[in-house]
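Take a look at the letters that make up each chain.
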Amino acid sequence: MFRYIVRRLLIMPVLLIGVSVLIFWMLSLLTPYERVALYVRDIPRRQGAIDELIAKYGLDEPIPVQYWHWMVGRKDPDTGEVRGGILRGDLGWSQVGRGSVAEAIGRRLPATVELALWSAIPLIGIAIWMGIQAAVNHNKFIDQLLRVFAITGWSIPTFVFGLLVLMIFYAKLGWFPPGRLSDWAMRAVQSPEFQRYTQMNTIDSLLNLRFDIFLDSLRHLVLPVLTLSVINWAFLLRVTRSSMLDTLRQDYMTTARAKGLAEKVVIRKHAVPNALIPVITVGGLTLVGLLNGVVITETVFNWPGMGSFLAQAALTLDAVTVLGVTLFSSFILVFGNLVVDVLYGVVDPRIRLE
Amino acid sequence: MKTVRRLLKNPTSLAGIILLAIFVVIAIGAPRFAPPPPRSRDAYMIPRDGFATEPRPPNEKHPMGTTEGQYDIYYGVIWGTRTAFRVGVAITIFTTIIGLLIGSISAFYGGWLDEILMRITEIFMAFPFLLAAITLTSVLQTIYGRGEAGPLMALAKVLALITFGQSPAKEMDPVQLQILTGMLAIIFFGWMTYARVIRGNILAVKQFEYAIAARTIGASNMRILFRHLMPNAVFPVLVIASMNIGSYVLTFAALSFLGLGAQRGYADWGQMISFARNWIPSLANYWYIVVYPGMAIILFVLAWNLVGDALRDILDPRLTGSRA
Chain A
2 MFRYIVRRLL IMPVLLIGVS VLIFWMLSLL TPYERVALYV RDIPRRQGAI
52 DELIAKYGLD EPIPVQYWHW MVGRKDPDTG EVRGGILRGD LGWSQVGRGS
102 VAEAIGRRLP ATVELALWSA IPLIGIAIWM GIQAAVNHNK FIDQLLRVFA
152 ITGWSIPTFV FGLLVLMIFY AKLGWFPPGR LSDWAMRAVQ SPEFQRYTQM
202 NTIDSLLNLR FDIFLDSLRH LVLPVLTLSV INWAFLLRVT RSSMLDTLRQ
252 DYMTTARAKG LAEKVVIRKH AVPNALIPVI TVGGLTLVGL LNGVVITETV
302 FNWPGMGSFL AQAALTLDAV TVLGVTLFSS FILVFGNLVV DVLYGVVDPR
352 IRLE
Chain B
36 MKTVRRLLKN PTSLAGIILL AIFVVIAIGA PRFAPPPPRS RDAYMIPRDG
86 FATEPRPPNE KHPMGTTEGQ YDIYYGVIWG TRTAFRVGVA ITIFTTIIGL
136 LIGSISAFYG GWLDEILMRI TEIFMAFPFL LAAITLTSVL QTIYGRGEAG
186 PLMALAKVLA LITFGQSPAK EMDPVQLQIL TGMLAIIFFG WMTYARVIRG
236 NILAVKQFEY AIAARTIGAS NMRILFRHLM PNAVFPVLVI ASMNIGSYVL
286 TFAALSFLGL GAQRGYADWG QMISFARNWI PSLANYWYIV VYPGMAIILF
336 VLAWNLVGDA LRDILDPRLT GSRA
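Chains as they are written, first to last, in the numbering used here: chain A, 2 to 355; chain B, 36 to 359.
Some clues are possibly wrong.
Between beta-carbon pairs, the in silico distance windows are [what the hints assert, rightly or not]: (1) B:Trp-147 x A:Tyr-198: 46 to 54 Å; (2) A:Ile-333 x B:Gly-146: 28 to 36 Å; (3) B:Phe-270 x A:Leu-208: 55 to 63 Å; (4) B:Pro-92 x A:Ile-169: 17 to 25 Å; (5) A:Val-22 x B:Leu-196: 29 to 37 Å; (6) B:Pro-46 x A:Leu-286: 28 to 36 Å; (7) B:Gly-146 x A:His-139: 26 to 34 Å.
Hints were generated in silico from the structure; no laboratory data involved. For every residue, glycine included, the Cβ atom is placed at its ideal position computed from N, Cα and C.
Extracted from the complex, chain A is given alone in its bound form (with noise of 0.2 Å):
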């Protein structure tokens, strides 16, 4: 147990730096003028000032030398002053953003926490039921109606599904609208009696005892929330029917029915803790699919978090923005898979012994 956790956490430096570099790498692509804002806040527009900058923040050395400064920060040489640095959590400035880009994640991360938190509910929840539901009744119609669900969800991409669920939600029926809050609930989280502890709406106004923004901000999840939940169903669906497909064959299952017990007691009780134990390692590849999806989900849905941002600057071609916000959800990925890993180190004894 001891050894897997260590291996894990010897390879996490190698996967980080890795990361770092293929980052630094597109960086590189790009001109000295493309890598000022990595340094500057505002880029004077005068061709010459530029080239001073470039030679002050050393943006013309060798690569390696620059990937150094970028990893470190490089000192000002008039003030002393240390800027850019990504291990000193300056990721540089961004022009979309109006700021630096930490900053600006830092503000845009919040929306984006809240969209996936009140997603894993039901996006793992009636994923593992409907896969065992598939798998107890394996071959049977439930079976192929949700292998064909399945595939369906797994079919339609993310923008059509928001765009279709937005155009009969709300354009038709006007029950759930885009956005983060409705104009008067926005009005009043941002007004100075509001306490914002999270920065996210349904947890700040709970806690301000205030139910009207609470519902307002429901509202305005549940399209996201849903979905967010239907593209990464398939996948999970998949891995809980195979594996729970795989428990039932076991010996120790003939083994509880011959005891006289319950098939319903059999099935909760001894088949369904066992198969969700490779279900676990899934945990990181819906980390990648909540990830991917908050992207698509966010500018469909006009939800200000990490996603929408992300694909705000890409299209303004705004290449050290993008770079910072995607450093940045690969560096949670892999933590993420990590954590991924060693639970299941826990849970799984027969890792261990490998």
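With the hints as your guide, set chain B onto chain A.
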């Protein structure tokens, strides 16, 4: 052959095959189903009927209506089928070649080379795929926007040759170049699965007698790898790859939807749907600007997934025979 027969017997995969056949017919017959206007320079640019902003509902002249800017939706859906096949197939070819090369070299030589190549593969897998693709597309568009010649331009020319049949001697068309940036980004972050699968397969067949026999009679490394090992290990990879055409089209459509793939007015399903973003409050009236191109993507991807799902079951030995 047995596999094909089983695919045709299974109702879901049969539905998929029929759908695919229909799409192939539409793609081949595009000039017949939707003839380009007599003086059009590029048949892939959707003809416009005026320049009014507001979409118009289906009528006699435009059976699926016109979207924002009066682009004919029917024409775009038909010619978009060709774009989907071209983009999907070209991406599949390139990702498979890269994956096969890296995976087979890794497995064949083993040792530290294997270690390094597999760690690199893991690093590529550490990125969230769509985010990485968006990022690289955006960077590549900045670079290609400068129009300089160089290794990246040469790469784009090779891809243009495979995708559009564009001769490398000709000047790059900026409309095509923008599509190629999205494709290159997907290829760059899309080869890892194939590398891993072929590596596993080569490691398995490397142990067989015929591989040892080939080595004993003094065959060269290249000959052993490409004549003896590859043919016996490559089939599952090719199957997986061909079934991924649908998901590549899906990803490319997402890039187009965000405005990073095909240009405005190009016959591409994702690009056509991106117009709908400007009309969300009144989508109930303008349903046709989402539904028609949206159905085209869904059915296209669904067709590949239906066949792929059945193939996976057939090729998975655990599910065949008495145990299933």
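Against the structure, the hints:
no.: 1; hint: B:Trp-147 x A:Tyr-198: 46 to 54 Å; in the structure: holds, 52 Å
no.: 2; hint: A:Ile-333 x B:Gly-146: 28 to 36 Å; in the structure: holds, 33 Å
no.: 3; hint: B:Phe-270 x A:Leu-208: 55 to 63 Å; in the structure: holds, 59 Å
no.: 4; hint: B:Pro-92 x A:Ile-169: 17 to 25 Å; in the structure: holds, 18 Å
no.: 5; hint: A:Val-22 x B:Leu-196: 29 to 37 Å; in the structure: holds, 30 Å
no.: 6; hint: B:Pro-46 x A:Leu-286: 28 to 36 Å; in the structure: holds, 29 Å
no.: 7; hint: B:Gly-146 x A:His-139: 26 to 34 Å; in the structure: violated, 44 Å
Hint 7 alone, counting from the list given before, is not met by this structure.
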